[in-house]
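Trainee: Here the protein sequences come in this chain order: C and E.
For the first sequence, the numbering used here begins at 385 and goes up steadily by one.
For the second sequence, the numbering used here begins at 12 and goes up steadily by one.
Rather than coming from a laboratory, the hints here were simulated on the basis of the structure.
Everything numeric in this text was worked out from a predicted model, so none of it was measured.
Honestly, I wouldn't trust all of these hints.
[Unchecked claim] In the DSS-like style, the derived pairs of lysine-lysine whose C-alpha atoms are separated by at most 25 angstroms in a straight line are: (1) E:Lys153 with C:Lys704; (2) E:Lys449 with C:Lys508; (3) E:Lys76 with E:Lys95; (4) C:Lys508 with C:Lys657; (5) C:Lys461 with E:Lys377; (6) E:Lys149 with E:Lys55; (7) E:Lys33 with E:Lys45; (8) E:Lys328 with C:Lys580; (9) C:Lys580 with E:Lys153; (10) C:Lys657 with E:Lys398; (11) C:Lys437 with E:Lys83; (12) E:Lys58 with C:Lys706; (13) C:Lys580 with E:Lys33; (14) E:Lys76 with C:Lys704; (15) E:Lys83 with E:Lys34; (16) E:Lys45 with E:Lys166; (17) E:Lys328 with C:Lys706; (18) E:Lys33 with E:Lys153; (19) C:Lys580 with E:Lys532; (20) E:Lys55 with C:Lys704; (21) E:Lys58 with E:Lys33; (22) E:Lys166 with C:Lys580; (23) C:Lys706 with E:Lys55; (24) C:Lys704 with C:Lys437; (25) E:Lys149 with C:Lys657; (26) E:Lys398 with E:Lys259.
Below, each chain spelled out in residue letters.
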Amino acid sequence: MRALYSFCAVLLLGLFAYFGVAVWGLQDPLFAIVFPYAAFGLFALGMVYRVLKWARSPVPFAIATTCGQQKSLPWIKANPIENPCCTASVIGRMALEVLLFRSLFRNTRMELRSGPRLIYGGNKYLWLGAMAFHWTFLIILLRHFRFFTEPVPAFVNILQSLDGFFQIGVPILYLSGVILAAALSYLFLRRLLDPKVRYISLAADYFPLLLLLGIALSGLVMRHFTKVDIVKVKELAMGLVSLHPTVPEGIGAPFYLHLFFVCVLLAYFPFSKLVHMGGIFLSPTRNLRGDSRRHRHVNPWNPHVEVHTYEEWEDEFRDKMKAAGLPVERE
Amino acid sequence: MSSEHLPIHPEELSQIDYTPPKKDWMETPVQFRKGTYCYSAAPKNLKYLGMANPREWQPHDADWKLPSDWKKTVLDGMRERLSKFRSFHLFMDICVRCGACADKCHFFIGSGDPKNMPVLRAELLRSVYRNDFTAAGKILGKLAGARPLTEDVIKEWFYYFYQCTECRRCSVFCPYGIDTAEITMMARELLNLIGCNINWALEPVANCYRTGNHLGIQPHTFKDTLEFFAGEIEDITGVRIDVPINKKGAEILFVTPSGDYFADPGTYTLMGYLMLFHEIGLDYTWSAYASEGGNFGLFNSHELIKRLNAKIYAEAKRLGVKWILGGECGHMWRVIHEYMDTMNGPADFLEEPVSPLTGTRFENAKSTKMVHIMEFTADLIRHNKLKLDPSRNDRLRVTFHDSCNPARAMGIFEEPRYVIRNVCRNFFEMPENTIREKTFCCGGGAGLGTDENMEMRMRGGLPRANAVRYVHDKHGVNRLACMCAIDRATLSTLMEYWVPEVQVTGIHELVGNALVMRGEKKRETDLRGEPLEGTEE
């Protein structure tokens with residue numbers, strides 16, 4: 385049901401863009417200029433707002449989740465990555481989390497057999513799907529820099545030639561696009577078909593997957609089937625980044641559909657779960673050292689609390705203590 | 012084979028259905044089924060601690076007698092905590108519901124209840140957060156996964172946040188490090204604001220605040236108890252042992268959970284400590300005022316952690332010791348390692364801990380000035396300071412349970428294993444996915460180890476017990492070692508139910524058995540009084 389809501393939402397957005405351009409001719413300035421600028425503004429300001437809002441809440445306690453041996457006695461081998469003991473090892477741990485999804489790589493699948501016998505098998509599919517999606521998305525994003533830069537930086541050209549290494553079709557099919565669409569489909573189907581995951585899923589979980597799928601498919605269609613004029617696209621993109629936007633004639637509705645989906649994604653980003661992109665860097669169980677007995681962690685709001693002092697305690701038990709021969713402070 | 016603790020047969024209990032209900036989770040109200048929840052905190056305990064809304068009530072009552080402005084209290088409390096804890100604020104926002112945590116929770120594995128999936132446990136709170144604190148929730152409502160705070164939501168929170176043992180296993184697997192323990196702690200703080208708390212977690216706090224320990228043992232009884240065990244040691248070893256209490260000017264203050272001097276099998280571990288300290292001639296003292304290492308404050312609120320924990324440094328200062336040594340305990344070490352110094356430090360009146368026997372500087376504890384006994388004993392063994400006869404433990408085939416907090420809030424994995432390998436010769440690890448940072452909870456931590464909650468404890472303990480069953484069947488393991496006082500109590504019941512052939516032991520019980528003491532008579536029994544020669548019947 386929730387998947388259906390999300391599907392309808394994406395469909396309506398797509399129809400709006402298609403009709404907006406193909407029928408009503410609203411590309412200049414609405415779809416080509418107003419939406420991109422507004423979306424980018426919302427994204428940038430929204431993300432800054434979100435991160436600052438998190439950052440404003442302090443980290444009162446050193447609550448690292450330790451996943452490896454602490455650094456203690458010199459003859460015991462410590463695991464500085466899984467249980468960071470210095471800033472460098474925190475950076476190492478974070479790099480593994482952010483670049484390779486270290487924690488997700490641990491994933492197992494529990495199975496209850498008769499007996500009872502519990503089995504925990506390795507389960508790397510989610511990790512693989514997530515890695516495939518995030519990395520190809522990054523590659524595709526970087527490849528798109530050829531539209532926003534002149535001259536195009538060398539790394540973009542290298543990336544592009546690697547991505548099209550197999551030289552399938554004309555124009556060349558980028559591997560990243562295919563993997564992205566496959567990974568998104570897997571993540572979507574997993575959400576829909578695994579009863580546990582379906583049970584926890586909100587409309588807000590299906591929506592971004594379908595939206596991204598919309599972006600990927602409209603991109604593939606425009607490149608390989610409707611053959612968009614990329615010279616004109618670049619003219620539009622360069623105009624946008626140089627703040628002198630011009631809207632060339634005849635780019636066609638598929639492109640605006642693609643662009644509009646991207647705009648929706650950008651605008652939606654800071655107000656959704658997609659903020660995990662920024663949040664992961666601030667996660668206290670991962671970005672703190674595990675050495676809180678070695679270095680004192682300071683809580684900026686450490687409150688004063690009521691305690692039961694030794695004197696009060698001795699007052700209550702003094703007679704019994706004396707009878708038992710325990711030392712007392714006051715007779 | 013069903014145990015006296017629970018009328019349901021283990022075979023029946025292990026028929027678990029993991030299929031989620033047809034109805035949406037927001038439309039599935041909570042049911043307080045006997046055996047799966049804990050009773051409310053007695054008003055006298057709340058009054059003693061000056062906490063909100065003391066009254067007679069029970070979770071199965073229809074009317075929870077909430078204060079008239081409870082909704083505002085909870086929402087204000089939430090707002091305050093969002094601004095004070097980045098963890099809470101962030102964990103409310105960044106979950107993508109990938110489901111990696113779902114089957115990592117022992118309560119989900121043992122019950123099949125989808126609200127025991129860590130992600131859904133957190134959504135119970137997140138849904139209210141969205142409704143009152145986010146734009147999307149305010150505009151889109153239920154479509155955005157938001158729902159208003161109602162009395163039914165409070166009941167659901169109570170049931171499920173007192174059905175989480177704050178073990179942090181899910182946080183190991185979460186790609187963003189979302190820690191359900193942190194979320195549960197916040198939820199319990201909010202519930203405490205309106206007087207919805209459980210007695211098993213709160214009475215120990217009231218006791219500890221008053222007498223110095225969770226069990227409410229008063230100083231004279233504390234002394235009698237320790238001396239009783241010194242007498243037991245003399246019977247077994249022929250060695251007379253002194254028990255220094257509240258001794259000013261001692262070099263080291265020793266603090267251990269009260270479970271160690273209260274009930275079997277913790278008491279055998281206590282005897283191990285006493286024998287060890289005597290044998291190495293340690294200049295140390297117990298304290299009757301700081302007679303508790305554990306801290307049930309952790310299972311209620313950050314404020315209560317601090318109120319109880321303050322005693323340890325205060326007593327160390329009063330007695331003029333150089334540093335503090337801590338016994339075998341689980342959640343105690345979460346508090347010592349991650350909270351004590353921040354809350355009640357800096358301990359600048361103490362010295363950087365140095366072992367008086369080996370000269371080893373415990374640099375990893377140089378700020379907190381508190382050393383884990385496993386670090387201390389491992390160092391002694393490494394430097395050949397102990398004469399050990401591991402053959403005295405030959406009857407035992409031992410496996411080791413990593414307790415949740417020392418594992419995931421400290422990372423003390425090798426020290427206990429080193430000690431175990433040096434004091435016994437038959438040691439077998441449980442399967443890889445059930446030990447170290449992936450260890451499973453005993454099912455009764457975080458204040459849930461009470462008898463009325465027995466069914467849920469046995470369910471939650473199933474993954475741990477099942478791994479023990481595996482090494483029992485494969486290697487004939489008959490002893491489950493652990494370094495946690497709650498474990499020693501809860502795992503014993505758990506084993507009786509799922510793997511009755513296995514008994515539970517602390518590590519220093521094994522050390523005590525193996526320790527060759529000067530002037531001792533020939534040992535005929537182990538610390539439990541069971542004959543050393545010959546095998547079990």
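Trainee: Against each hint, give a clear statement of whether it holds in the structure.
Mentor: Against the structure, the hints come out as follows:
no., hint, in the structure
1, E:Lys153 with C:Lys704, "61 angstroms, violated"
2, E:Lys449 with C:Lys508, "17 angstroms, holds"
3, E:Lys76 with E:Lys95, "29 angstroms, violated"
4, C:Lys508 with C:Lys657, "23 angstroms, holds"
5, C:Lys461 with E:Lys377, "19 angstroms, holds"
6, E:Lys149 with E:Lys55, "40 angstroms, violated"
7, E:Lys33 with E:Lys45, "24 angstroms, holds"
8, E:Lys328 with C:Lys580, "53 angstroms, violated"
9, C:Lys580 with E:Lys153, "20 angstroms, holds"
10, C:Lys657 with E:Lys398, "58 angstroms, violated"
11, C:Lys437 with E:Lys83, "23 angstroms, holds"
12, E:Lys58 with C:Lys706, "29 angstroms, violated"
13, C:Lys580 with E:Lys33, "11 angstroms, holds"
14, E:Lys76 with C:Lys704, "40 angstroms, violated"
15, E:Lys83 with E:Lys34, "30 angstroms, violated"
16, E:Lys45 with E:Lys166, "15 angstroms, holds"
17, E:Lys328 with C:Lys706, "22 angstroms, holds"
18, E:Lys33 with E:Lys153, "18 angstroms, holds"
19, C:Lys580 with E:Lys532, "61 angstroms, violated"
20, E:Lys55 with C:Lys704, "24 angstroms, holds"
21, E:Lys58 with E:Lys33, "44 angstroms, violated"
22, E:Lys166 with C:Lys580, "23 angstroms, holds"
23, C:Lys706 with E:Lys55, "28 angstroms, violated"
24, C:Lys704 with C:Lys437, "55 angstroms, violated"
25, E:Lys149 with C:Lys657, "16 angstroms, holds"
26, E:Lys398 with E:Lys259, "30 angstroms, violated"
Going through the hint list in order, the structure does not satisfy hints 1, 3, 6, 8, 10, 12, 14, 15, 19, 21, 23, 24 and 26.
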